[in-house]
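Novice: Here are the chains, one letter per residue:
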Amino acid sequence: MGLLTQSVGVSHFMAVGAIMFVCGVVCMATKRNALGVLMGIELVLNGANLNFVAFGSDFLRTDKSYSLGLDGNFVALFVIVLAAAEAAVALAIALNFYNNHSTIDVDRADELRG
Amino acid sequence: MDAINWHSCLFLLFATMASGFAVAVVLAGNIVRMALYLILSLGATAGLFFLAGADFVGAMQLMIYVGGTLVLLVFGVMLTAQGPFISLKTQAGDWVLGLLLAGCLLAVLVPAAFSVADWRNDKPADFVAVQQDTAARLGMGLLGVRVDRLEDRPEPLKAGMSSYLLPFEIVSVHLLVVLVGAAYLARSKRRAATN
Chain A
1042 MGLLTQSVGV
1052 SHFMAVGAIM
1062 FVCGVVCMAT
1072 KRNALGVLMG
1082 IELVLNGANL
1092 NFVAFGSDFL
1102 RTDKSYSLGL
1112 DGNFVALFVI
1122 VLAAAEAAVA
1132 LAIALNFYNN
1142 HSTIDVDRAD
1152 ELRG
Chain B
478 MDAINWHSCL
488 FLLFATMASG
498 FAVAVVLAGN
508 IVRMALYLIL
518 SLGATAGLFF
528 LAGADFVGAM
538 QLMIYVGGTL
548 VLLVFGVMLT
558 AQGPFISLKT
568 QAGDWVLGLL
578 LAGCLLAVLV
588 PAAFSVADWR
598 NDKPADFVAV
608 QQDTAARLGM
618 GLLGVRVDRL
628 EDRPEPLKAG
638 MSSYLLPFEI
648 VSVHLLVVLV
658 GAAYLARSKR
668 RAATN
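Line by line, the protein sequences are chains A and B.
Residues 1042 to 1155 (this note's numbering) make up the first sequence, in order.
Residues 478 to 672 (this note's numbering) make up the second sequence, in order.
Don't take each hint at face value.
The following label-pair restraints were derived from C-beta to C-beta distances [as the list claims (entries may be wrong)]:
no. : chain 1 : residue 1 : chain 2 : residue 2 : range
1   : B       : Pro644    : A       : Gln1047   : 33 to 41 Å
2   : B       : Trp572    : A       : Thr1046   : 38 to 46 Å
3   : B       : Leu574    : A       : Asp1146   : 17 to 25 Å
4   : B       : Val622    : A       : Asp1148   : 46 to 54 Å
5   : A       : Gln1047   : B       : Arg510    : 33 to 41 Å
6   : B       : Asp571    : A       : Val1130   : 25 to 33 Å
7   : B       : Arg664    : A       : Leu1109   : 35 to 43 Å
8   : B       : Gln559    : A       : Leu1109   : 44 to 52 Å
9   : B       : Leu578    : A       : Ser1108   : 31 to 39 Å
10  : B       : Tyr661    : A       : Asp1151   : 21 to 29 Å
Footprint (simulated), chain A over chain B, 3 or more residues, beta carbon under 8 Å [as the list claims (entries may be wrong)]:
no. : stretch
11  : 490-504
12  : 533-544
13  : 578-584
14  : 652-659
Just so you know, these hints were derived from the structure itself, not from any lab.
By construction, the Cβ of each residue, glycine as well, lies at the ideal position given by its N, Cα and C atoms.
Chain B extracted, bound-state conformation (with noise of 0.2 Å):
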């Protein structure tokens, strides 16, 4: 008998974890139990983001989307959930169409990761790779560095190639804008209409 292989069975965990609770997402009734079950599977995520060498992501996952985005959506529930909308129920003929669509999504899906041969898992037993932390090259990537690449590139084109520098700058940018766009439309019109 082989060796149990942790790698796989930490995979297998939270593979479980992940899914299973985003199962119980689109199940569950009520608005509350939903947020927890979606923190509990984009957590187990963060873990598989970890087993798949990405450390920096894995942490960026937990830190935003856990620690950030998810207590935004917690404290949309605790202000919108009242009475009649903490569990509005579905009608049946929608869980039935819904519940089609996942059934021929999932057959399409799952057959199309499995049929290519280099997906799978066929690596030979003396396989190993070396785990180098991704944090020091995700950041020069992001400056327009790429140190993993830098034989790549075509003479030419090396001064013009910087890599992610002008999508970080974008994606900083509309990060402002959408801050102050969310401020704007959230801002309380009561008080402007007692003046």
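Okay, chain A solo, but in the shape it has when bound (with noise of 0.2 Å):
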């Protein structure tokens, strides 16, 4: 009930980027299918993003000198158009991936291996 009268800071705000960032971590680190650990990426990049714009509101502190103002939100933006950028290219890789060796497991993909 706590926190339905109270007001959200910037830690609230935070403590979900780092469930996010950890989601996307293990998403990377424990799923087979190519498109999965895109998918694991993709969460990280939004939970580092919830931080940007959380550090750069107005609303989640009263001490504004500290913000970080507009600049959260251009990096935050800047972090949008290059995640898209990174799927378009990581999409064209693995689609060739499985046009190549018809397989989109991950473990499969050892070819340079030494």
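If you follow the hints, you should be able to join the two separate chains into one complex; please do so.
Specialist: Following this line, the structure appears as structure tokens:
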């Protein structure tokens, strides 16, 4: 009941960002499907984005002199654009791999192994 | 009893959705369900952006991420989801290692988030923040004029400081290169082989 009557701070946004980041890392580590690994990367980038936006927000803290201000929004926008670019290239590589090897299992993508 | 803080209520709703569906992405075995959970998680994150006052970033999150990147991912899933690849099973040892890693990371990150007093909710009761729309200020910043901090810049450097104009140009050229590269990588080679 405490959280319903109090206001939220930067810490709460950071906790949500941390959960999304950790889920993304575990997704990248455990999924064998290449597209599952890609989804983990998207989750990691979103967790980081949430922190940038929370630190740039005027609503979440009283002392605004330490706030990132608009810079947090700028960085979040660049991260979104770069994530879109990364997803496009990674999907092209995954489809290419699927066409050549007829599998999407990253455990079998070991042709460069020495 | 205090009045219910609706900002906190909405935060709780969106935070539960974002982190709950993120956990569901990890636990789901079916790649199609993972894509669905990812869409819901990222949509809830857009709601969190709106709650933090970043309206333009929230809208871009919905348009680019949920509307663009994830549609791309879903197409990738549909093109490769055949028979055994829909649900590839993770080995038990990998699960143990991954959950151990998750526990350690969470044990570090969450207490760190709540350890700084300035980041917690210590706002006075009469705290008022005025919502200004960020789209115009962000657009001016990308074109090189920071309307929110015109006074901050030192006078000798004023002519050379163009804010985020250079990163904006770099990222636009980067997007063009990525589009060309993705189209080159994903082109079908079978037709060339038959000729």
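Novice: Are any of the numbered hints broken by this structure? If so, which, sorted upward?
Specialist: The structure conflicts with no hint, since it agrees with every one listed earlier.
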